[in-house]
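Peer 1: Protein chains in written order, with our numbering: chain A, 1 to 217; chain B, 218 to 436.
Careful: at least some of the hints might be erroneous.
To be verified - What the simulated footprint calls covered on chain B by chain A, stretch by stretch (three residues with Cβ under 8 Å from a Cβ of chain A suffice, anywhere in the stretch; the number is not a length):
hint : stretch
1    : 326–339
2    : 352–364
Claimed, not checked - Derived contacts from chain A toward chain B, CB cut-off under 8 Å, selection only:
hint : residue
3    : 75
4    : 81
5    : 83
Note that these hints are calculated values from the structure, not bench results. Glycine residues also receive a C-beta, built at the ideal position from the N, C-alpha and C atoms.
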Amino acid sequence: MTTLGVDVRVAVPGFVVEASFSARGGITALSGPSGSGKSLTLAAIAGTLRPARGTIVCGDNIFADTTAGVHMRSQDRRLGMVYQHAALLDHRSPLDNVALAVRQANVAMAKETATALLERVGLGRAMSAKTRSLSGGERQRVALARALAGEPRILLLDEPFSSLDAASRDSMRSLVRSLVDERGIIALLVTHDAQDVTALADHVVVYEPGRTVSASG
Amino acid sequence: MSDWFPLWLSLRVSVIATLLASLFGVALAYLLAKWQSRFTAIVEAIFTLPIVLPPTVLGYYLLTLLGTRSTLGQGWESIFGSPLVFTQSGAVVAATVSALPFVIRAARAAISNVDARVEEAARVMGLSEFRVARVVTLPLASRGIGAGVALGFARALGDFGATVMVAGNIPGQTQTLPVAVYDAVQAGDDATARTGSLVLGAIAVVVLILVTQVFARRR
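The following block holds chain B by itself, in its conformation from the complex (with noise of 0.2 Å):
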């Protein structure tokens, strides 16, 4: 493969993805570990669709969101002067709806399992609410939020439906790693399709294993 653009375009985006899902994913997290409500099970099912619709659904969902005649879409190009579909920002947006699921669902679960005598303990000895998050709850739940954050990862790098909805497959600006297999493929070019496979398929192997060693350490 003699164009390493799509993989670190790919890696960029993830990595940008990732953290954007991990602060606004564990943060929801908390809020519906926290405060169970009947509004609760309604945000969780809206921020668990990106698992289960066909990916080119979720981009055709986020186009008509954020496309240029949307508000959103409009209210984009205002501030920053230029659409925010068709670009690798969109690939972004793209890739942290297509991983937040991930985060959410593993940072939930890790934190309704933490120990509420100690979360109690610690209010009782003076500490704030956010002390607690940040000196207790959090640090215990840390595996499995590490977890989910690996996973989402994975997810934001092997997007392909709806970054491709969304940032289009324009080469050299937009066009990721699964989009240039594809694209690839398409072309009959397959020492790229090979090549840019392997590199996808061993960067996800090595995530999952990262995610089994940290669960094997679990007690």
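Looking at chain A on its own, in the form it has when it is part of the complex (with noise of 0.2 Å):
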């Protein structure tokens, strides 16, 4: 099985986040207060932002190694990622900001596993609507199915619940634990809501401001 090894200090202008960990398949909670460098880390892993030193490593892969100089693109690391809200392409269709996640060359069989995971987040019946006009907790499906549209090896998922109602957010959870299951990924799901590591939490990391304390599960 895939391991993720992370091991990075992250900076940004008046932040500094030190993060040591490692991940397997099932659901590693990030967990901490609001500004302890979660969502910084998940940057890191996403390539969108460079560690100031360390390494990130996913099995064979060396996504970043400071010292070796390597910073593999975003493009490159195989990647789905949910963010708090959704950063879905507004003027394409869901089918759309799906099939374009989808690795895959031909535009058809493109469109064909986009309608199959679309389904699958019971989007079925909205594939062609317009994007703009979905629920909060529609366009988070939306964004689930285009993050697992391209196979990925990791999927992270920042704060994905946090801008949606009680019942959303219930069945979001219970969306994203069994997608995890069927897929046998690893998937790291940054958040400050006790209530979602109780519910889903397969690992958890706890952060303090700008530290990892500790790993258990």
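Assembly of the complex is requested from the two constituent chains, each provided in isolation within its own frame, with the hints serving as guidance.
Peer 2: This is the structure we're talking about:
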């Protein structure tokens, strides 16, 4: 089974986080108060932020190694990411949003894969709707389908439930649970909500402001 | 106005100039928005000059740069067999340079305003930089770019000073409508001056209404 190993210092103006943990299959929650550096760690794993020092290794793939000067492009890391505010392309249909993320040059086949994924997340009827008109819960489902479309090795979830109402939150949680189990992938869930940890986490990495303090599970 | 040649020439020159300014301007605006360095301010200042310089001075620079004694002018002549200045192509160059800053400034602002998280999400899901630009950034910036292109067209259509310096004032060959209006006034031909001015004014009003509509529809 693939393991993700993270041992980095990530710095942005005015803030530094030291994160050290490893994650295997299942859902690993990165838990801690807002502003403790969880999302920055996720950005470093996603490749949108270069770590100041350290390594991020996924199986045989070195995502980042500051000593060796390695920084793999986001595009080559095979990741799926769900953001707190979906970050969808509002000018394209939900189907297009998902199909664009399928790593398949054939457009018809990409759309077929996207259709199956949207049906899987319960949005079969909204495939050609206006993305802008979807509810918050539906947008996050599209974002989840999109994140899985590229058959990622790692699914990064950055506070994906925090902008949802209670009912959508529950159904989104169980959807994430079943999709991660089906695919046997590594999922990292950034959250400051203890209920997310209780409901979903197989492993927990605890953050204090600026550093990870323990990993369990 | 019996002779409609200046209007058709003006329209043709402005359409071609707008196309050229859009292609080059949007590409440059993209680079300026994405790669910040101390040179971007200098490049942006140079390409903004046509807005602040007197059009005749801009025309003089172009004439010096592209005239028959300049390297660029001689290069053009050796390729196309005739000089660039005092031709319709010269008018296109003058109009393109006049329109360019409007396209660049509007496109740069619109591209910078695109939500970086949406672009980032596209990269993480595997889209190449070129596809991020084509599928995400440019469509999301399209309204702002469209407004810049419309203003650029209006500017190209209305150019007088740079055009008259670079393309001259040859009736039936390089005389655009703004130049024809000037000629008509000089010759005391009020009817032609009035008609030409009304046509140019009407086109400008239509373009400005279009631009306002585009911005009004922005969320």
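Peer 1: Indicate, hint by hint, whether the structure satisfies it.
Peer 2: Each hint tested on the structure:
no. : hint    : verdict
1   : 326–339 : holds (count 6)
2   : 352–364 : holds (count 4)
3   : 75      : holds (5 Å)
4   : 81      : holds (5 Å)
5   : 83      : holds (6 Å)
Checked against the numbered hints given earlier, this structure breaks none of them.
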